[in-house]
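Engineer: Guided by the hints, dock chain S onto chain P, whose structure is given.
Number of protein chains: 2
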Amino acid sequence: MSLTDLFDPDSIAVIGASKTSGKLGNDAMANAKEFDGPVYPVNPSGEGSVYGYEFVASVDDTDADLALCCVPGPATPDVIKECGEAGVGAAVVFAGGFAEAGGRGTELQAEIQSIGEDYDITVLGPNTAGHIIPHRNLFSSFVPGFDEIESGDVAIVAQSGGVGVTATFQLDREGYGTAGMYGLGNRVNTDFDDVIPVLDDDPETDAIALHIEGTTEIDDAIEAVDQASTPVVTLKSGNKMEEFVQAHTAAPIQEYARYEQAFTDAGAVMADSMTELLDASRVLAQSPQAEGPNVGLVTAQAGPGIMMADYLDERGVNFPELTEETRERLDDILLGFTYDRNPVDTGRPMPEFGDVIDAVGRDDNVDIVLVYEIFEHSLGYPIEELERLTADVDKPVVFTVAGPNKALADDRQRMEDLGVATFDSPERGAYAASVLAETSR
Amino acid sequence: MSLTDLFDPDSIAVIGASKTSGKLGNDAMANAKEFDGPVYPVNPSGEGSVYGYEFVASVDDTDADLALCCVPGPATPDVIKECGEAGVGAAVVFAGGFAEAGGRGTELQAEIQSIGEDYDITVLGPNTAGHIIPHRNLFSSFVPGFDEIESGDVAIVAQSGGVGVTATFQLDREGYGTAGMYGLGNRVNTDFDDVIPVLDDDPETDAIALHIEGTTEIDDAIEAVDQASTPVVTLKSGNKMEEFVQAHTAAPIQEYARYEQAFTDAGAVMADSMTELLDASRVLAQSPQAEGPNVGLVTAQAGPGIMMADYLDERGVNFPELTEETRERLDDILLGFTYDRNPVDTGRPMPEFGDVIDAVGRDDNVDIVLVYEIFEHSLGYPIEELERLTADVDKPVVFTVAGPNKALADDRQRMEDLGVATFDSPERGAYAASVLAETSR
Chain P
-19 MSLTDLFDPD SIAVIGASKT SGKLGNDAMA NAKEFDGPVY PVNPSGEGSV
31 YGYEFVASVD DTDADLALCC VPGPATPDVI KECGEAGVGA AVVFAGGFAE
81 AGGRGTELQA EIQSIGEDYD ITVLGPNTAG HIIPHRNLFS SFVPGFDEIE
131 SGDVAIVAQS GGVGVTATFQ LDREGYGTAG MYGLGNRVNT DFDDVIPVLD
181 DDPETDAIAL HIEGTTEIDD AIEAVDQAST PVVTLKSGNK MEEFVQAHTA
231 APIQEYARYE QAFTDAGAVM ADSMTELLDA SRVLAQSPQA EGPNVGLVTA
281 QAGPGIMMAD YLDERGVNFP ELTEETRERL DDILLGFTYD RNPVDTGRPM
331 PEFGDVIDAV GRDDNVDIVL VYEIFEHSLG YPIEELERLT ADVDKPVVFT
381 VAGPNKALAD DRQRMEDLGV ATFDSPERGA YAASVLAETS R
Chain S
-19 MSLTDLFDPD SIAVIGASKT SGKLGNDAMA NAKEFDGPVY PVNPSGEGSV
31 YGYEFVASVD DTDADLALCC VPGPATPDVI KECGEAGVGA AVVFAGGFAE
81 AGGRGTELQA EIQSIGEDYD ITVLGPNTAG HIIPHRNLFS SFVPGFDEIE
131 SGDVAIVAQS GGVGVTATFQ LDREGYGTAG MYGLGNRVNT DFDDVIPVLD
181 DDPETDAIAL HIEGTTEIDD AIEAVDQAST PVVTLKSGNK MEEFVQAHTA
231 APIQEYARYE QAFTDAGAVM ADSMTELLDA SRVLAQSPQA EGPNVGLVTA
281 QAGPGIMMAD YLDERGVNFP ELTEETRERL DDILLGFTYD RNPVDTGRPM
331 PEFGDVIDAV GRDDNVDIVL VYEIFEHSLG YPIEELERLT ADVDKPVVFT
381 VAGPNKALAD DRQRMEDLGV ATFDSPERGA YAASVLAETS R
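Read top to bottom, the protein sequences are chains P and S.
As numbered in this note's numbering, residues -19 to 421 make up the first sequence, in order.
As numbered in this note's numbering, residues -19 to 421 make up the second sequence, in order.
Bound conformation, chain P alone (with noise of 0.2 Å):
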């Protein structure tokens, strides 16, 4: 089973298109139309052309090497066929009522499989939003709004696909793209283990955001992740209400300690939430791997900065004692007036706060900058001190913001441009800081 009409076909159909708004195969159209290369709405009775596209009658009339399957679940084995009649390569199959809905889905998903088999077809689902890789514009869903997810550096591979949809207007919603979203679904034969080595291997994926229901194939999955060396990050839900999660991808109920056990051995890192999912997959995808796990926190502002450390020393995270050669160059631009240890509290944003953070920064005992300032447009964010710092030291910076939206968001930008991750709360940024203390060397 060759993944490379998935992931990077030439051309796409998309069988079941539809003219009529709010119809899935209209919704998929209208995701699809952003490809480069052709796009052929197939609909035996469509008349006239979709988003500019001419209607074919069949599959078979187009040399599609993707096809976006838009027809209701017991249509979609004959549609199949077809596809591997017509030499298609790979197939998404949107449609529910399969092994999640048991009896006659069963079979059905069953028929799926062994077609896919018998035409050496990769079907992504069925009962799936499909996939997206921006860097391609290829937009393989019905999810209306896809079409304007930008690029990114974290990948998603999501086994509900609302899940992974959540993930990726997250992540739009907050100011960033993705490498690719992944929904998974029912893995009739595309499972967490073919998409992940694929993902390992692409340039444009940084860190992988994974999320599991849960699978019998379990062992394959954490062998995936134990190759992988992207950094990933898995969310594990479905640990409770046994018959709603059958109901959805007919994943089996498994205990969370075992994965829990079993993903961080193999090198992953656990989050509680989507947003801890995502803000963790963010700063191992922008971040170099530290070195160790001492943090040195810098804040402009004590009350927020006292909330960091209260997570972070909960989560065990250390703060060492800085060098004697730091603490005589903090004493030089603080004057004593503010807390120069570890933490370091400069009391108000100064025009010396970038000196502050890159003498932290150059600090032997330090492994992990973590940084929190109030913005303050009279004085910006310290991007030429922080350019320098990232120049010199390989060592992760992650800078907490806050302040006026709209005023920091240029200065943010330039952070993240120069690998700099940033998060907007207190125990954002500090859980971030925590992520790479775990993931250190």
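Hints listed in this document are in silico derivations from the structure and should not be mistaken for laboratory results.
Wrong hints could be hidden among the right ones.
Given that identical chains are not distinguished, each listed pair holds provided it fits within a single copy or across any two copies.
Said to hold, decoys possible - List of simulated lysine-lysine pairs, DSSO-like, C-alpha gap at most 30 Å:
1) K220 - K13
2) K(-1) - K386
3) K(-1) - K13
4) K13 - K386
5) K3 - K386
6) K3 - K61
Structural biologist: Using the frame of chain P, we list chain S on its own:
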């Protein structure tokens, strides 16, 4: 000591006002200029005007009720004295270098305390970012950008000014304003138990978000919370890093468990992070009190719904069986295709999604309705159905949104206007529902 001059002054003096951008006395003027009454920039060496206001040489030349003191710590006692002589009733002291610095600072603080007593002046601070009351156009702070903060229904009372500022900007970033932010700092004579009763009586304040680092007057603070009928959420920080905390607001170190027990007994919700503090406050401000702790969860996407169910289950929240009547109504709508127990899963957004919420919301077993739906433009959110439901049934409804941010903004605002609190991430919606369960009758 009258608090009126602090909360509702007729005129303001900015002592140490300056024309020089970036100076404290300029930043304070930039905020104070929004005030509807007279604003007096006071500076003996000031010439001409600043932000359109003529300098005056002395506070004695004004009829100010409230003075913003933008002078260094050592100059503060004299300034407070002049304020007293001039009949000023309240003063905000931004400068640090008082009890938190020890030594001469402790003496300075004792001096302003004694002068405040002699002249019956309400002093906010020292060592504070000040206070803002947007619905009175009162921005008594040096923090740049505060003049653009909007009115809202959550008031923030923070021992640390920096935490108060962070909380204010976090609400602003997410599209909310504040009913007021009060940074207490060193609390020379304005403490938690002074501010909380005023806010409890304030019709604009529907919830109070409290940040506390530690206080020897803990019993007074607890008593004020206990007496308040307005919901209170508390974030206690400064549990570790004794020396650093002491250097901040001169707060004593006390055991977290003691605070948790006492505040919980007094009816407050304990939050663990900035985001929880604000989300809990927001949902309590916007929602009717729940009659009981039972959550009915309606989701248009099973995966995020499962994550929310996990989260609620971990927090011990109960999902009741739905009544026979509700299940029949749901069967008619959903035709048995998806999971129709509790959680109720519609599998995808659908035109009848509002009816599904309605059915669950009217179920006698359900006290709190929690919804998750990814926005689709062709359907929108079910505003009309929510309007009918909230008009007929006095139960809290929490709506968790996802999707293209700009596209859903209008519908989100419409829901907020109906008293339906909205949240962004699955765990945040679930957390809000858990807070309503915890505070139910």
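Engineer: All hints, please: hold or fail.
Structural biologist: For each hint, the structure was consulted:
1. When the C-alpha separation of K220 and K13 is checked against a cutoff of 30 Å, the pair qualifies neither within a copy, at 40 Å, nor between copies, at 56 Å.
2. For the homomeric pair K(-1) and K386, the shortest alpha-carbon distance between copies (25 Å) is at most 30 Å, but the shortest distance inside one copy (39 Å) is not.
3. For the homomeric pair K(-1) and K13, the shortest alpha-carbon distance inside one copy (13 Å) is at most 30 Å, but the shortest distance between copies (56 Å) is not.
4. Taking the shortest alpha-carbon separations for K13 and K386, only the inter-copy value of 21 Å comes in at or below 30 Å, while the best intra-copy value is 32 Å.
5. In the homo-oligomer, the alpha carbons of K3 and K386 lie at most 30 Å apart only across protomers (22 Å), although the nearest pairing inside one protomer, at 37 Å, exceeds that limit.
6. In this homomeric assembly, K3 and K61 come within 30 Å of each other (Cα to Cα) only inside a single copy, at 23 Å, whereas the closest approach across copies is 73 Å.
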